[in-house]
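Using this note's numbering, the letters of the sequence shown map in sequence onto residues 278 to 401.
It is worth saying that the hints were derived from the structure and are not from the lab. From the three backbone atoms N, C-alpha and C, an ideal C-beta is built for every residue, glycine too. Treat each hint with caution, since some may be false.
Here are the in silico distance ranges between beta carbons for each label pair [unchecked claim]: (1) A369 with P295: 28 to 38 Å; (2) G390 with D301: 13 to 23 Å; (3) V314 with G366: 19 to 29 Å; (4) A369 with G326: 16 to 26 Å; (5) K294 with D340: 34 to 44 Å; (6) D296 with A369: 28 to 38 Å; (7) A369 with R300: 32 to 42 Å; (8) W299 with S279: 34 to 44 Å; (9) P295 with R371: 15 to 25 Å; (10) G390 with R300: 30 to 40 Å.
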Amino acid sequence: MSVPLLVVDAANVLGSKPDGWWRDRAGATARLRDGLVGINATGLPDLPGPVEVVLVVEGRARDVPAVEGVRVVRASGSGDDTIVAVVAGEGAGRPVVVVTADRGLRERVTALGAAVRGPSAVPR
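Produce the entire structure from the sequences given, and follow the hints as far as they go.
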């Protein structure tokens with residue numbers, strides 16, 4: 278079986294908790310990215326590792342670099358469109374889980390066969 282793909286909607290996950298992230302969006306995104314380190318090996322409770330972890334970033338967070346275990350995909354436009362493109366382009370033949378609370382995005386990725394988890398599925 279292929280390695281599952283975990284795609285995290287950075288803007289939506291950050292926006293789910295009003296902790297001041299908007300004052301330093303790039304810093305908050307880097308902290309989210311760092312919290313995802315290790316999931317590539319351990320997975321999530323209902324998605325055993327190893328998994329490929331992709332963090333989709335946009336706006337002021339676009340310059341946050343990747344780190345070992347977390348690939349960063351920079352949205353040149355809509356983060357949602359980029360997430361859909363990642364799922365469509367890289368999800369064939371393997372389990373895909375998208376972490377977001379965005380209802381419209383949830384509908385788009387489930388139509389492609391992806392499962393969806395809410396923002397609390399990942400550490401932040």
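Results for each hint:
For A369 paired with P295, a C-beta distance near 37 Å keeps the hint of 28 to 38 Å intact. Between G390 and D301 the beta carbons are some 36 Å apart, a value that contradicts the proposed interval 13 to 23 Å. For V314 and G366, the Cβ-Cβ distance of about 24 Å falls inside the hinted range of 19 to 29 Å, so the restraint holds. Hint check: A369 to G326, Cβ distance near 21 Å, so the stated range 16 to 26 Å holds.
For K294 paired with D340, a C-beta distance near 22 Å fails the hint of 34 to 44 Å. Hint check: D296 to A369, Cβ distance near 36 Å, so the stated range 28 to 38 Å holds. The beta-carbon spacing between A369 and R300, approximately 39 Å, falls within the hinted interval of 32 to 42 Å. One distance hint, 34 to 44 Å for the beta-carbon pair W299 and S279, holds here, with the actual separation near 37 Å.
Against the hinted window of 15 to 25 Å, the Cβ-Cβ separation of P295 and R371 comes to about 35 Å, which falls outside the hint. The supplied range of 30 to 40 Å is met by G390 and R300, whose beta-carbon atoms lie about 37 Å from each other.
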